[in-house]
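Here's the letter readout for the chains.
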Amino acid sequence: QVHLVESGGGLVKPGGSLRLSCEASGFRFSDYYMSWIRQGPGKGLEWLSYVSVDSTYTNYADSVKGRFTIFRDNARNSLYLHVNGLRAEDTAVYYCARHQNVNSVFFDHWGQGTPVTVSS
Amino acid sequence: DIQLTQSPSSLSASVGDRVRITCRASQGITNSLNWYQQKPGKAPTLLIHAASTFQIGVPSRFSGSGSGTQFTLTIDSLEPEDFATYYCQQSYSTPITFGQGTKLEI
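Heads up: the protein sequence lines correspond to chains A and B, in order.
Start counting the first sequence at 22; every next residue gets the next number (our numbering).
Start counting the second sequence at 2; every next residue gets the next number (our numbering).
Accuracy of the hints is not assured; some may be wrong.
[Unchecked claim] Not the full set, but computed from the structure, chain A residues with beta-carbon under 8 Å of chain B: (1) G65; (2) L66; (3) W68; (4) N80; (5) Y116; (6) Q121; (7) S125; (8) V126; (9) F127; (10) F128; (11) D129; (12) W131; (13) G132; (14) Q133; (15) G134.
[Claimed, not checked] Lysine to any residue pairs mimicking SDA-like chemistry, simulated, CA-CA at most 20 Å apart: (16) A/K64 - B/T23; (17) A/K64 - B/S8; (18) A/K64 - B/T46; (19) B/K104 - A/E67; (20) A/K64 - B/E106; (21) B/K43 - A/Q133; (22) A/K34 - A/T138; (23) A/K64 - B/G42; (24) B/K43 - A/G29; (25) A/K86 - B/S94; (26) B/K40 - A/V26; (27) B/K40 - B/S15; (28) A/K86 - B/D2; (29) B/K104 - A/G63; (30) A/K64 - B/T6; (31) B/K40 - A/P62; (32) B/K43 - A/G61; (33) B/K104 - A/P62; (34) B/K40 - A/G61; (35) B/K104 - A/G61; (36) B/K43 - A/Q22; (37) A/K64 - B/S11; (38) A/K64 - B/K104; (39) B/K43 - A/V26; (40) A/K64 - B/T86.
Just so you know, the hints here were simulated from the structure itself, not pulled from any lab data.
Ideal placement from N, C-alpha and C gives every residue a C-beta, glycine not left out.
Just chain A, with the same shape it has in the complex (with noise of 0.2 Å):
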């Protein structure tokens, strides 16, 4: 059974950092692309980076570019997130998915998340 177990959230102040991780079981974790998508409180759904199967390929939202940093670990079965230069509008809870499959771009198992609250 697929299992993705996001870890690392808390209160971080303004300019802050963070690494989430996502630990994934219950599948071939090095088969997959992976992403990372967080949820505002009380907001929709942003997606906000991705990294193929052995890490060659990435992409992220312009929101993040730059401050936000993807990595997976396949040995570990395990997908980071790095988080720097943190703001008041990141606060969100943070969920890893897989792509259903390489060759798509949506999402057919999710982690419960993680949260992240940025303030002073």
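Dock chain B against the given chain A, drawing on the hints supplied.
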């Protein structure tokens, strides 16, 4: 960026009703449109991809249609568990974008 506009933003309905949610894209996206359901405090779940293809396990009362710029999610005969927020998402080009959501309430 491709903008997705859902209508209505909220909808009140009763158990047994048929409802339709529309998603309009700012430019043609062929059939690269996906639908998700999200319940409060939970992650979204994929219902339909490629505009009309069911995800395994999704009840047959859900259906999707459309292509180009206009898409529809239809729910026949609402069940109590269908009251949730629904999002469309385009997979035609990056950045990947979502509609603003449609909240379906009793």
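Here is what the structure says about each hint:
For A/G65, the interface hint holds, since its Cβ comes within 8 Å of a Cβ in chain B; the closest pair sits about 5 Å apart. With 8 Å as the threshold, the beta carbon of A/L66 comes within range of chain B, its nearest partner Cβ sitting at about 4 Å, so the hint holds. Against a cut-off of 8 Å between C-beta atoms, the interface hint on A/W68 holds, since the closest Cβ of chain B lies about 4 Å away. About 5 Å separates the beta-carbon of A/N80 from the nearest beta-carbon of chain B, less than 8 Å, and the hint is met.
Interface hint at A/Y116: satisfied, since its Cβ lies 6 Å from the closest Cβ of chain B, which is below the 8 Å cut-off. Against a cut-off of 8 Å between C-beta atoms, the interface hint on A/Q121 holds, since the closest Cβ of chain B lies about 7 Å away. The beta carbon of A/S125 is positioned within 8 Å of a beta carbon in chain B (closest approach about 7 Å), and the interface hint is therefore held. The restraint placing A/V126 at the interface with chain B holds, with a minimum CB-CB distance near 4 Å, inside the 8 Å limit.
Using the Cβ-Cβ criterion of 8 Å, the hint placing A/F127 at the interface with chain B is satisfied: the shortest such distance is roughly 4 Å. The beta carbon of A/F128 is positioned within 8 Å of a beta carbon in chain B (closest approach about 6 Å), and the interface hint is therefore held. For A/D129, the interface hint holds, the least distance from its beta-carbon to any beta-carbon of chain B being 5 Å, beneath 8 Å. Hint status for A/W131: holds, given a least beta-carbon distance of 4 Å to chain B, under 8 Å.
The beta carbon of A/G132 comes within 7 Å of a beta carbon in chain B, closer than 8 Å, and the hint placing it at the interface holds. Against a cut-off of 8 Å between C-beta atoms, the interface hint on A/Q133 holds, since the closest Cβ of chain B lies about 6 Å away. Interface hint at A/G134: satisfied, since its Cβ lies 6 Å from the closest Cβ of chain B, which is below the 8 Å cut-off. For a cut-off of 20 Å, the pair hint linking A/K64 to B/T23 stands: about 19 Å separates their Cα positions.
As the CA atoms of A/K64 and B/S8 are separated by approximately 16 Å, the hinted pair is consistent with the 20 Å bound. This hinted pair checks out: A/K64 and B/T46 have alpha carbons roughly 17 Å apart, not beyond 20 Å. Proximity of B/K104 to A/E67 is assessed by CA-CA distance (about 17 Å); at most 20 Å being required, the pair is judged to hold. With a C-alpha separation of about 17 Å, the suggested pairing of A/K64 with B/E106 holds against the 20 Å cut-off.
Taken as a hint, the B/K43 and A/Q133 pair is honoured in the structure, with Cα atoms around 7 Å apart against an allowance of 20 Å. Pair hint A/K34 plus A/T138 holds up; C-alpha atoms about 8 Å apart against a cutoff of 20 Å. Annotation: proposed proximity of A/K64 to B/G42 holds, straight-line Cα distance about 12 Å (limit 20 Å). Restraint check: the Cα-Cα separation between B/K43 and A/G29 comes to about 18 Å, which is no more than 20 Å; the hinted pair holds.
Among the hinted pairs, A/K86 with B/S94 is consistent with the structure: their alpha-carbon atoms are about 17 Å apart, no more than 20 Å. For the given pair, B/K40 sits about 18 Å from A/V26 by alpha-carbon distance, which is consistent with the 20 Å threshold. The suggested pairing of B/K40 with B/S15 holds, with an alpha-carbon distance near 17 Å, which does not exceed 20 Å. This hinted pair checks out: A/K86 and B/D2 have alpha carbons roughly 15 Å apart, not beyond 20 Å.
Proximity of B/K104 to A/G63 is assessed by CA-CA distance (about 12 Å); at most 20 Å being required, the pair is judged to hold. This hinted pair checks out: A/K64 and B/T6 have alpha carbons roughly 15 Å apart, not beyond 20 Å. Our distance criterion of 20 Å between C-alpha atoms is met by B/K40 and A/P62, whose separation comes to about 14 Å. Between the alpha carbons of B/K43 and A/G61 the distance comes to roughly 13 Å, so the proposed pair stays at or under 20 Å and holds.
For the given pair, B/K104 sits about 15 Å from A/P62 by alpha-carbon distance, which is consistent with the 20 Å threshold. Using a Cα cut-off of 20 Å, the hinted pair B/K40 and A/G61 holds, with the two alpha carbons roughly 15 Å apart. Of the pairs offered as hints, the one joining B/K104 and A/G61 holds, with about 16 Å between alpha carbons and a cut-off of 20 Å not exceeded. Among the hinted pairs, B/K43 with A/Q22 is consistent with the structure: their alpha-carbon atoms are about 18 Å apart, no more than 20 Å.
About 14 Å separates the Cα atoms of A/K64 and B/S11, which keeps this hinted pair within 20 Å; it holds. Straight-line distance between C-alpha atoms of A/K64 and B/K104 comes to about 12 Å, which keeps the hinted pair within the 20 Å bound. For a cut-off of 20 Å, the pair hint linking B/K43 to A/V26 stands: about 13 Å separates their Cα positions. Restraint check for A/K64 and B/T86: satisfied, since their Cα atoms lie roughly 11 Å apart, inside the 20 Å limit.
Hint check: no violations occur; every hint is consistent with the structure.
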